[in-house]
Amino acid sequence: MYTGITQGLFDVTKVHHQPNLTTYTVELSAPLIENLVIGSSVSIDGVCQTVTAIHHYQVTFQAIAETLQKTTLATLIPGQKVSVERSAYYGKEIGGHELAGHIFETGRIIEREVFEHSLNLLVQCSKTCFGYLFEKGFIGINGSSLTLGRLDTIRHAFYLHLIPETLRVTNLGEKMLNDHVNIEIDAKTMLIVHTIKQHHQNIDAELDKLQERIDVLEKKLNIGC
939 MYTGITQGLF DVTKVHHQPN LTTYTVELSA PLIENLVIGS SVSIDGVCQT
989 VTAIHHYQVT FQAIAETLQK TTLATLIPGQ KVSVERSAYY GKEIGGHELA
1039 GHIFETGRII EREVFEHSLN LLVQCSKTCF GYLFEKGFIG INGSSLTLGR
1089 LDTIRHAFYL HLIPETLRVT NLGEKMLNDH VNIEIDAKTM LIVHTIKQHH
1139 QNIDAELDKL QERIDVLEKK LNIGC
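Once you know that position 36 of the sequence shown is 974 in the working numbering, the rest is easy, because the numbers rise by one and skip nothing.
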């Protein structure tokens, strides 16, 4: 689990792309290396990744086919900066909201507006993803816990309003038009939406059965007449 509070930007130093497997190395800082072991979980641009090797400050990870299909890790290149967060532990402050590092899909930046001390992004997602979004709700973008701004129902897009601190510790300020970002939907929100939809479907099914019974009774009454 992660808190959605990114701990900094770090350089990708090596990338080896193979069919259905990408092995890459990120150079971390001394504080992030502390107590890190092979098998530890680290959020890389919001994606939960397992440490496979450690050499000084160089930490290696591997992304398999499912991860590559759903995230931006498929396009990693050496020299690229990624947002990093170590996994949370019991007693740690959750300054954002709980994130699992399980990416729903990637979204595309379709508008970018720069201000003196902030940045607005409009991110387009799929219709399915959009169905889980609510204005002033929260969302995970490249591992950062962010508040959803206004929703564009026509384009299935949502606004993000980024403050200076977010721009300082994440790579979101470097993203340009048509760049993609990783989207994680809040699991509790998804569960609530699914439960409500299932409840409505059950009601609709019962209404259909009731209508069928009414139709049968009407036919019998007509025959009797």
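Fair warning: there could be bad hints in the mix.
[To be verified] Simulated pairs of lysine to any residue, SDA-like, Cα-Cα distance not exceeding 20 Å: (1) Lys1008 to Ile971; (2) Lys1113 to Ala991; (3) Lys1074 to Ile1101; (4) Lys952 to Ala1026; (5) Lys1008 to Lys1074; (6) Lys1074 to Glu1054; (7) Lys1019 to Gln1136; (8) Lys1135 to Asp1146; (9) Lys1019 to Lys1065; (10) Lys1008 to Thr1066; (11) Lys1126 to Gln1136; (12) Lys1126 to Thr990; (13) Lys1019 to Asp1124; (14) Lys1008 to Asp1124; (15) Lys1135 to Tyr1070; (16) Lys1019 to Thr961; (17) Lys1008 to Ser1056; (18) Lys952 to Ala991; (19) Lys1126 to Cys1067; (20) Lys1008 to Lys1113; (21) Lys1008 to Cys1067; (22) Lys1135 to Phe1072; (23) Lys952 to Met939.
[Said to hold, decoys possible] Per label pair, the in silico range of CB-to-CB distance: (24) Glu1112 to Thr1066: 25 to 31 Å; (25) Thr1091 to Lys952: 28 to 34 Å; (26) Leu1089 to Asp949: 30 to 36 Å; (27) Ala1038 to Ile1015: 22 to 28 Å; (28) Ile1101 to Pro957: 29 to 35 Å.
Simulated from the structure, these hints should not be mistaken for lab results. The C-beta atom is built at its ideal place from N, Cα and C for all residues, glycine as well.
Taking the hints in turn, this is what the structure says about them:
1. About 27 Å separates the Cα atoms of Lys1008 and Ile971, which puts this hinted pair outside 20 Å; it is violated.
2. Annotation: proposed proximity of Lys1113 to Ala991 is violated, straight-line Cα distance about 29 Å (limit 20 Å).
3. Restraint check for Lys1074 and Ile1101: the C-alpha separation of about 16 Å stays at or below 20 Å, so the hint holds.
4. Under the criterion of a C-alpha separation no larger than 20 Å, the hint pairing Lys952 with Ala1026 is inconsistent with the structure, at around 26 Å.
5. Restraint check for Lys1008 and Lys1074: not satisfied, since their Cα atoms lie roughly 25 Å apart, outside the 20 Å limit.
6. Taken as a hint, the Lys1074 and Glu1054 pair is broken in the structure, with Cα atoms around 23 Å apart against an allowance of 20 Å.
7. Of the supplied pair hints, the one linking Lys1019 and Gln1136 is violated, its CA atoms being roughly 42 Å apart against a limit of 20 Å.
8. For the suggested pair Lys1135 and Asp1146, the alpha carbons sit about 16 Å apart, so the restraint of at most 20 Å is met.
9. Annotation: proposed proximity of Lys1019 to Lys1065 is violated, straight-line Cα distance about 29 Å (limit 20 Å).
10. About 14 Å separates the Cα atoms of Lys1008 and Thr1066, which keeps this hinted pair within 20 Å; it holds.
11. About 15 Å separates the Cα atoms of Lys1126 and Gln1136, which keeps this hinted pair within 20 Å; it holds.
12. Under the criterion of a C-alpha separation no larger than 20 Å, the hint pairing Lys1126 with Thr990 is inconsistent with the structure, at around 30 Å.
13. Of the supplied pair hints, the one linking Lys1019 and Asp1124 is violated, its CA atoms being roughly 25 Å apart against a limit of 20 Å.
14. At roughly 16 Å between alpha-carbon atoms, Lys1008 and Asp1124 fall within 20 Å of each other, so this suggested pair holds.
15. A hinted pair counts as satisfied when its Cα atoms are at most 20 Å apart, and Lys1135 with Tyr1070 qualifies at roughly 12 Å.
16. Between Lys1019 and Thr961, the direct Cα distance comes to roughly 16 Å. Compliance with the 20 Å bound is thereby established for this hinted pair.
17. For a cut-off of 20 Å, the pair hint linking Lys1008 to Ser1056 is broken: about 28 Å separates their Cα positions.
18. About 13 Å separates the Cα atoms of Lys952 and Ala991, which keeps this hinted pair within 20 Å; it holds.
19. Between Lys1126 and Cys1067 the alpha-carbon distance is near 14 Å, which keeps this suggested pair within the 20 Å criterion.
20. For the hint pairing Lys1008 with Lys1113, the CA-to-CA distance comes to about 18 Å; that is within 20 Å, so the pair holds.
21. Pair hint Lys1008 plus Cys1067 holds up; C-alpha atoms about 13 Å apart against a cutoff of 20 Å.
22. Taken as a hint, the Lys1135 and Phe1072 pair is honoured in the structure, with Cα atoms around 16 Å apart against an allowance of 20 Å.
23. This hinted pair does not check out: Lys952 and Met939 have alpha carbons roughly 26 Å apart, beyond 20 Å.
24. Distance hint check: the CB atoms of Glu1112 and Thr1066 are about 28 Å apart, consistent with the given range 25 to 31 Å.
25. Range check, Thr1091 to Lys952: Cβ separation about 43 Å, and the 28 to 34 Å hint is violated.
26. For Leu1089 and Asp949, the Cβ-Cβ distance of about 35 Å falls inside the hinted range of 30 to 36 Å, so the restraint holds.
27. A hinted range of 22 to 28 Å holds for the C-beta pair Ala1038 and Ile1015, which are about 26 Å apart.
28. In this structure, Ile1101 and Pro957 break the distance hint of 29 to 35 Å, their C-beta atoms being roughly 41 Å apart.
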